[in-house]
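Given these sequences and hints, build the entire structure.
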Amino acid sequence: MGNAEAMVTARMGVGKKEEGNRVLASLGTNASKAVNQLYDYVIERGALPFDARAEERRPHSRAEVEAAVGLVDSLVAPVAEPYRSMSTKDARLARLGVSGAAGEGRR
Numbered sequence: 001m002g003n004a005e006a007m008v009t010a011r012m013g014v015g016k017k018e019e020g021n022r023v024l025a026s027l028g029t030n031a032s033k034a035v036n037q038l039y040d041y042v043i044e045r046g047a048l049p050f051d052a053r054a055e056e057r058r059p060h061s062r063a064e065v066e067a068a069v070g071l072v073d074s075l076v077a078p079v080a081e082p083y084r085s086m087s088t089k090d091a092r093l094a095r096l097g098v099s100g101a102a103g104e105g106r107r
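80 is the number that this note's numbering gives to position 80 of the sequence shown; each next residue is one higher, with no gaps.
By construction, these hints were calculated from the structure, which means they are not laboratory data. Please note that a few of the clues may not be correct.
Here are the simulated distance ranges between beta carbons [said to hold, decoys possible]:
#1 V72 - L24: 42 to 50 angstroms
#2 A4 - L27: 42 to 50 angstroms
#3 H60 - N36: 31 to 39 angstroms
#4 E19 - V72: 20 to 28 angstroms
#5 M12 - A67: 25 to 33 angstroms
All residues carry an ideal CB built from backbone N, CA and C; glycine is no exception.
So this is what it looks like as structure tokens:
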């Protein structure tokens, strides 16, 4: 990075800053290095590495939330009776029509 001669300031909530710093540290970097890499990327490519318009989010409508909840609920279907007492591996083999030792070694 060389000699740092200029400073960039960003405004954000305290919680966002703290969580961001934790994530950056877990990735082996920090905010200063990340901002420098962002600037390098923008200078080199003349574009952002993400869609800036994605930040212009609007709150979801009640109908959208209800539709999403309905979708998630539909994915959590009860386990079919014949598979309930089986291990995950045995249930998979049974669904493939493989039984007993013939299915051993298959993944």
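### Query
Does the hinted range 20 to 28 angstroms hold for E19 and V72 at CB?
25 angstroms, holds
### Query
That 31 to 39 angstroms hint for H60 and N36 (C-beta), does it hold up?
Once the Cβ atoms are compared, 35 angstroms apart, the range 31 to 39 angstroms for N36 and H60 holds.
### Distance restraint evaluation - A4, L27, Cβ atoms, bounds 42 to 50 angstroms
Violated: the Cβ-Cβ distance is about 21 angstroms, outside 42 to 50 angstroms.
### Query
If you check the beta carbons of M12 and A67, does the distance land in 25 to 33 angstroms?
31 angstroms, holds
### Query
Does the Cβ-Cβ separation between V72 and L24 fall within 42 to 50 angstroms?
31 angstroms, violated
Hints 1, 2 from the list above are not met by this structure, while the remaining hints are.
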